[in-house]
Amino acid sequence: MRRWASFLHRHVWLRVTGLLALPLGWLLLVYLVPLGLLFLTALWKTDSFTGRVRRTVTTDNLADIFSDPVYVQVMGRTVAVAVAVTVLCAVLGLPMAFFMARVASPRWRPVLVALVLTPLWASYLVKVYAWRTMLAPEGGLVDDVLSFVGAASPGYGWVAVVLVLTYLWLPYMVLPLYTGLSTMRSSLIEASADLGARTGTTLRTVVLPLVAPSLVAGSVFTFSLSLGDYITVQLVGGTEQMLGNVVYQNFSVDLPFAAAVATLPVVVMVGYLLAVRRTGALQNL
Amino acid sequence: MILSRGARWTLGAATAVGLAFVYVPLLVVVLNSFNSSRTFTWPPPGFTTRWWTSTVDNEGVRAAVVTSVQVAALATAVALVLGTLASTAVTRYSFWGRDTISLLVILPIALPGIVTGIALNSLFTGFLGGLTFITLVIGHATFCIVVVFNNATARLRRLAPNIEEASMDLGATRFTTWRLVTFPALRSALAAGGLLAFGLSFDEIIVTTFTAGPGIQTLPLWIFQNLFRPNQAPVVNVVAALLVVVSVVPVYLANRLSADSTTGGRL
Numbered sequence: 080m081r082r083w084a085s086f087l088h089r090h091v092w093l094r095v096t097g098l099l100a101l102p103l104g105w106l107l108l109v110y111l112v113p114l115g116l117l118f119l120t121a122l123w124k125t126d127s128f129t130g131r132v133r134r135t136v137t138t139d140n141l142a143d144i145f146s147d148p149v150y151v152q153v154m155g156r157t158v159a160v161a162v163a164v165t166v167l168c169a170v171l172g173l174p175m176a177f178f179m180a181r182v183a184s185p186r187w188r189p190v191l192v193a194l195v196l197t198p199l200w201a202s203y204l205v206k207v208y209a210w211r212t213m214l215a216p217e218g219g220l221v222d223d224v225l226s227f228v229g230a231a232s233p234g235y236g237w238v239a240v241v242l243v244l245t246y247l248w249l250p251y252m253v254l255p256l257y258t259g260l261s262t263m264r265s266s267l268i269e270a271s272a273d274l275g276a277r278t279g280t281t282l283r284t285v286v287l288p289l290v291a292p293s294l295v296a297g298s299v300f301t302f303s304l305s306l307g308d309y310i311t312v313q314l315v316g317g318t319e320q321m322l323g324n325v326v327y328q329n330f331s332v333d334l335p336f337a338a339a340v341a342t343l344p345v346v347v348m349v350g351y352l353l354a355v356r357r358t359g360a361l362q363n364l
Numbered sequence: 054m055i056l057s058r059g060a061r062w063t064l065g066a067a068t069a070v071g072l073a074f075v076y077v078p079l080l081v082v083v084l085n086s087f088n089s090s091r092t093f094t095w096p097p098p099g100f101t102t103r104w105w106t107s108t109v110d111n112e113g114v115r116a117a118v119v120t121s122v123q124v125a126a127l128a129t130a131v132a133l134v135l136g137t138l139a140s141t142a143v144t145r146y147s148f149w150g151r152d153t154i155s156l157l158v159i160l161p162i163a164l165p166g167i168v169t170g171i172a173l174n175s176l177f178t179g180f181l182g183g184l185t186f187i188t189l190v191i192g193h194a195t196f197c198i199v200v201v202f203n204n205a206t207a208r209l210r211r212l213a214p215n216i217e218e219a220s221m222d223l224g225a226t227r228f229t230t231w232r233l234v235t236f237p238a239l240r241s242a243l244a245a246g247g248l249l250a251f252g253l254s255f256d257e258i259i260v261t262t263f264t265a266g267p268g269i270q271t272l273p274l275w276i277f278q279n280l281f282r283p284n285q286a287p288v289v290n291v292v293a294a295l296l297v298v299v300s301v302v303p304v305y306l307a308n309r310l311s312a313d314s315t316t317g318g319r320l
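So the protein sequences, as listed, match chains A and B. When we follow the working numbering, the leftmost residue of the first sequence carries the number 80, and every step to the right adds one. When we follow the working numbering, the leftmost residue of the second sequence carries the number 54, and every step to the right adds one.
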C-alpha cells in the first residue's frame, strides 16, 4: 500500500489518469461515441425497397429534408419558435435579473435566486401538463381569467408552444443574467452617471454591453432546448409539428433520416456555441 | 445610476409577475389534485382527498414509483462516483484538455434530450443487444454526472489545497488524506449533488423514453401513457402533484446542505 502510494506520488500523470479513467471512459463510450455514430448514421441511407440501412456515405437524407417543402417549413417554424422563445425569455428575464441583482436588498437576493431556481427542478412533463390543463379551450384557468377582459384562451397551437417553452426555459435565462449583473462593478455604472448619462443611456451603453455575454450564455440554453423539443408540441401544439416530432416519428422506421434531422439542431447549436465562444460568454456557465 | 422610485417599483413588479408566471402552474397542479370535479373545471367546485387515496391504491402507480426510485438511486450512485473522480482531477491537477471536461460533462443535458436519447438508443439496441433496466440506469447516470461534478467542483475550489498538503506533510498517504481530510469537507456538497441528481433522474422523461426497456415504466412514463385517457385524469393529477413535491424537496434540502453552487450545478 505504502509503496503503491509513493509510486503514485512520484507519477502525477498516473494519478490524473487514474482519476479520469472512469468518468472520461464512461462519457466517451456511453455518450461521445454514440453521438458521433449518430452523426455518421445521418450520412447513411435506408433502402426504400428493402428497408435495410445501406452503410455508404451519402448526403441523400439532407437533400431529402431540404427538397421537401414540408420539412423546410417545419424547420423554419422550429427556428422561429426558438428565436421567439429566446427573445421572450430575455425580455422577461432582464428586468427580473436586474431587480434581483441590483435593486433587491442583499438579504433577499439568495431567496429570490432560490425562488427562480426551484421550478427548474420540477418535472418537465408535469409543467407542460399543467399548461395543458390551464390552456384548455373551455374551462381552463387561462380561459377563465381572460374571459374577464373579454378574451379567450389561445387554445392549443403555436402561441401555446411559445408560451410554454418560454415558461420552461426562463430560469435558464434569468440565472446567467443574475450572475452577470451581480458581478458587474458598480463603479462603472456610477462613472457613467457622474459623466452625465441618464439612466436610460447608462443602461443602453454601459449595462447592456457588459451583460451581453450572460445574455448569450442564457440564450444557448433557451435556443437549444427549444430547437429539440417535441413533447411540448405534442401536448399543447395541437396538430403542429416541430423538428423533434419529425425525429421521434422517424427514428424507429428510418434511423438515418431521423439522425439527419436530429443533427440539424446540433449543427445550429455548435455553430452558435463557436460564435459565442469568441465573446467569452461560456466562462459564465 | 440612480433609479427613481417608480423604476424600482416597476422592476419589483416585473419580478413579482415573473415569479407568479413561474409558480402559478405548479400551484394549479397541486390544487387540481384536490379538485373534486373529474374534469377540472376552474374554479374548482370543491376539494377532496379522494384522488389521493385512489392513487395510493393504484398498482400501476405504485410499481412505477418503485421503478423510478430504483433507477434514480442507481444512477445517482454511479454519478456520485464518476462526478467526484472527475471533479478531483479538474480541481487538483492541471493537464491538457482540462477545460474541455466541464463542457463534456454538461453536454448530455445541454443538448436537446431527443439527441441524447436517440444516440443512446442506437448504441444500446445496436451494440448491447437491446434496452433493459440497466440501459435506463446508464442513460440517467450519464446526464446526472454534471450535477455531482458541479457541486463537488464548487466545494473543492473553495477548499484550500494546503489542508490536504499539511495532512500529507504529516505523513498521511493520499488515500488517508482523502478519507480523513478531503471527504469530510466534501461530504455535504456530495449529499447536495446526490439529492439533486436523484431529483433530476426521478422526473426525466425524454432520455427515459429512448432508453427504458420494454415493460419498464417510470413515473413520468406512466403519466405520459395515461395523459390522454380522460378517466385516468384525476390520478394523473395526483402523480403530477407528487412529482412537483418530490422535485422541490431535494432542492430545498440541497440548498440547506451546501451553498457553494447557487444554481445547484444545473447550469
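Don't read these hints as lab results, they were simulated from the structure. Certain hints may be false.
[As the list claims (entries may be wrong)] Short derived list, chain B residues pointing at chain A, Cβ under 10 Å:
#1 Val131
#2 Ser140
#3 Leu164
#4 Ile198
#5 Pro303
[What the hints assert, rightly or not] The following residues of chain B were derived to be distant from chain A, with all beta-carbon distances above 10 Å:
#6 Trp105
#7 Val109
#8 Asp110
#9 Thr120
#10 Gln123
#11 Pro165
#12 Leu184
#13 Arg210
#14 Ala213
#15 Glu218
#16 Arg227
#17 Gly252
#18 Pro267
#19 Val297
#20 Asn308
[Claimed, not checked] Between beta-carbon pairs, the in silico distance windows are:
#21 Pro96(B) / Ala100(A): 31 to 41 Å
#22 Thr102(B) / Pro216(A): 28 to 38 Å
#23 Ala116(B) / Leu87(A): 44 to 54 Å
We put the beta carbon where it would ideally sit given N, CA and C, even for glycine.
Would you list, in rising numerical order, the hints stated earlier that this structure does not obey? 11, 16, 17, 19, 20 and 21
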